[in-house]
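Could you slot chain V onto chain Y? The hints should help.
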Amino acid sequence: MSKALLYDATACINCKQCEVACAEQNKLRYDDTVAAEDKQSDHKFTVVLAKGDKFMRRLCMNCNEPACASVCPVGALKKTALGPVTYDEGKCMGCRYCMVACPFGVPKYEWGKVLPRVQKCTMCPDRVAAGKPTACAEVCPTGATKFGDRDELIAEAQQRIRENPGKYVNHIYGLNEVGGTSVLLLSSVPFEEFGYKTDIVRDPLPMFTYRVLSRIPDFVPLGGILLGGVWWITHRREEVAAAEGKENSNGHNPRDSKNGRTR
Amino acid sequence: MKFKLTFWKVVLIVLLAAGAYATFVRFFYGLGASTNLNDQFPWGIWIGFDVLCGVMLAAGGFTLTAAVHIFNIKRWKPIVRPTVLTAFLGYVLVCVALMFDLGRPYRIWHPLIMRNPHSVMFEVAYCVMFYTSVLSLEFAPVVFERFNLERPLKIIRAILIPLVILGVLLSTLHQSSLGSLYLIMPNKLHPFWYTPLLPVFFFISAVCVGLAMTIFESSMSSKHFGRQLELPLLRELGRVLAVALSVYAVLRFEDLYHRGVLGLLLKPSYEQGLFLLELALAIVIPLALLSQYKVRQSAGGLYLVAVLVVLGFVTNRLNVSITGMETSAGLHYIPKWTEVAVTGSIIAAGFALFGLAAKYLPIFPAETALAEPEKVGELPAEVALEHAGD
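Chains as they are written, first to last, in numbering that gives the first Met the number 0: chain Y, 0 to 262; chain V, 0 to 389.
Extracted from the complex, chain Y is given alone in its bound form (with noise of 0.2 angstroms):
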């Protein structure tokens, strides 16, 4: 069963204790300067975003079928059945093909560092695992951030929608976007304002470099008979000309190649 987070920000209250948490379960530092930072970062994982009495969170959104996971070339990043996008960082190389493609723009980089690595929230992975809900989650006050079955989290959701008219944006953030995301956000202000995309392609986006990869195996052969007959027939003329040269020895050179093409 995939798990996943609701986030329902006319519950948030802008206490920040998910960036705490997140933090400690990450080991990474947090103070004053981290906390007034509002962007996501290789040294701040999710953020709390506010705007007048509106709040809304980021983080990265675990997508069902995850672009970054889908072009790391050495499988860095991986999608697991639980839910989260997991790093390994002993495999990553650095070539940044992730910050690329992430529709979201959620992987970060460590640029001050000689070694870096990619950096991003994995959806506690290990929490997960052991069937405890992430710490951001787990830490919530409100019930802002929820963790659960995606399924039944997408029930939940739509319900709320159903019974408070007027109090949502009508849209459950993640349900589809790029083929849907394991973080699922509810919103009574348009999710444009903190920055989420509403343009967003509702396939997931593996499909549009699979679809040109998996003719590959069909190419290579083809490609190769073809290449293979084109020498073999403009080669064939040659030997025709060469035999008959020698047949009817003219005197014609019949290494003279040029014989072969005009023929």
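I should point out that these hints are in silico values taken from the structure, not numbers from a laboratory.
Misleading hints may appear alongside valid ones.
Said to hold, decoys possible - So these bits of chain V aren't anywhere near chain Y, every CB distance computed over 12 angstroms:
#1 P151
#2 R295
#3 P334
#4 K358
Unchecked claim - As a list, the in silico SDA-like pairs of lysine to any residue whose alpha-carbon atoms are at most 20 angstroms apart:
#5 K90(Y) to M128(V)
#6 K196(Y) to Q39(V)
#7 K112(Y) to T22(V)
#8 K90(Y) to M113(V)
#9 K112(Y) to G29(V)
#10 K187(V) to G178(Y)
#11 K187(V) to F190(Y)
#12 K38(Y) to Q16(Y)
#13 K196(Y) to N186(V)
#14 K77(Y) to M113(V)
#15 K73(V) to R235(Y)
#16 K38(Y) to G329(V)
#17 K73(V) to I232(Y)
#18 K335(V) to G111(Y)
#19 K335(V) to V113(Y)
#20 K112(Y) to K335(V)
#21 K73(V) to W231(Y)
#22 K112(Y) to N35(V)
#23 K187(V) to E191(Y)
#24 K187(V) to Y195(Y)
#25 K187(V) to R201(Y)
#26 K8(V) to A357(V)
#27 K90(Y) to L97(V)
#28 K38(Y) to L330(V)
#29 K187(V) to V200(Y)
#30 K77(Y) to P116(V)
#31 K77(Y) to H117(V)
#32 K78(Y) to M113(V)
#33 K78(Y) to H117(V)
#34 K78(Y) to R114(V)
#35 K78(Y) to P116(V)
#36 K38(Y) to G31(V)
#37 K73(V) to A240(Y)
#38 K335(V) to E109(Y)
#39 K73(V) to V239(Y)
#40 K187(V) to T197(Y)
Note that the Cβ used here is the ideal one computed from N, Cα and C, for glycine as well.
Relative to the frame of chain Y, chain V by itself:
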């Protein structure tokens, strides 16, 4: 032999010195200190120019070997060697550039054992690796001849055709795949450049640039290595280039039309200017020039066309990898001087290595080979192979 300091040697030394310092900054202080890259813009000119353009500029290798060995266009044989040399140097330098760009370059071998066949990057890595090996084998006869190594020369001759076919297949795959890299960003890459046809465009333009580079480098070689210019041959290349460019132009137009992007062409924007520049340099001016009989016949005209096509498609690759990604990233990327210095010295190294190879290796054996067609032992490998079946 006395060392004479010429203008270009000074340029080379200055570039290499700047590159050496930039290399020091890159490997002792990291990517943050040596580049203007950041989380919003993780790929700069080391990918956009060194890798994307580097691979494209080396496309003459597979274009020419296919034309001569597979399609049996013997007249083009004299220019195969310099072209294969360019390709080989190109790929080696692409690998060098990758060592700068990778965050942990000592793990460049990881794709060998940690495979993800769903990744375009993985496929490119494998193709580039294999194709660099193929190119080194295709180029090896030149070195073997220089040192009179008969046995290895025979082995290469025996496997040359399968080798060429393998090279063409690998090139087709990764030239197009460099375009496929961007297929996964439908919401990031600007609609001028994002199209499902990206791999097709990258492949056809690689063929165009392959031909243009061959013209370019033949003209340069005749100028600097005092060798006879094969003008009739360049005229033929010019015609093929005109056809390839026209195919590309029509496809590109059809693509813009069917995706409904033509209207965007008239709206002034940052992308519009650079897109029009690309179209003008790569397609419009070269095709207009090539439509003139006088241009097609003259060495200078063909040289100009070749330079324009190369510049045009370099603009195209930079547009795809940089211009087209800037709006979605919300910033303008301008490379740091250290990035430019590394790229500059890689280009300089390319020219210098080509010059050295041309000086010490039998790169231009055509004249002697054509003059003495009977002495098989002295012929270049390609010519000898063709006579092997007689």
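Open item on the list: With the threshold set at 20 angstroms, check whether the alpha-carbon distance from K77(Y) to M113(V) stays at or below it.
Closed with: 12 angstroms, holds
TODO: Starting from K78(Y), check that the Cα of M113(V) is at most 20 angstroms away, please.
DONE: 16 angstroms, holds
Open item on the list: K38(Y) and Q16(Y) were given as a pair; does the straight-line alpha-carbon distance stay at or below 20 angstroms?
Closed with: 16 angstroms, holds
Task: Hint consistency between K73(V) and V239(Y) [alpha-carbon to alpha-carbon, up to 20 angstroms] - done: Judged against 20 angstroms, a Cα distance of about 17 angstroms means the pair holds.
Open item on the list: Check whether the Cα positions of K77(Y) and H117(V) lie no farther apart than 20 angstroms.
Closed with: 12 angstroms, holds
Task: Hinted pair K78(Y) and R114(V), Cα distance within 20 angstroms - done: With Cα atoms ~15 angstroms apart, K78(Y) and R114(V) stay inside 20 angstroms; holds.
- [ ] Take the C-alpha atoms of K112(Y) and N35(V), compute the straight-line distance between them, and say whether it is at most 20 angstroms.
- [x] 14 angstroms, holds
Open item on the list: Would the hint linking K73(V) and A240(Y) be met if the CA-CA limit is 20 angstroms?
Closed with: 15 angstroms, holds
TODO: For the pair we were handed, K73(V) and R235(Y), check the Cα-Cα distance against 20 angstroms.
DONE: Holds, at roughly 14 angstroms.
Task: Given pair status - Y195(Y), K187(V), alpha carbons within 20 angstroms - done: Cα-Cα ~13 angstroms, so holds.
Open item on the list: Hint check: K73(V) vs W231(Y), CA-CA at most 20 angstroms. Holds or violated?
Closed with: With a Cα-Cα distance of about 15 angstroms, the restraint between K73(V) and W231(Y) holds, given a limit of 20 angstroms.
Open item on the list: Run the distance test for K8(V) versus A357(V): straight-line Cα separation, threshold 20 angstroms.
Closed with: Roughly 16 angstroms separates the two Cα atoms, so the pair holds.
Of the numbered hints given earlier, the model fails none.
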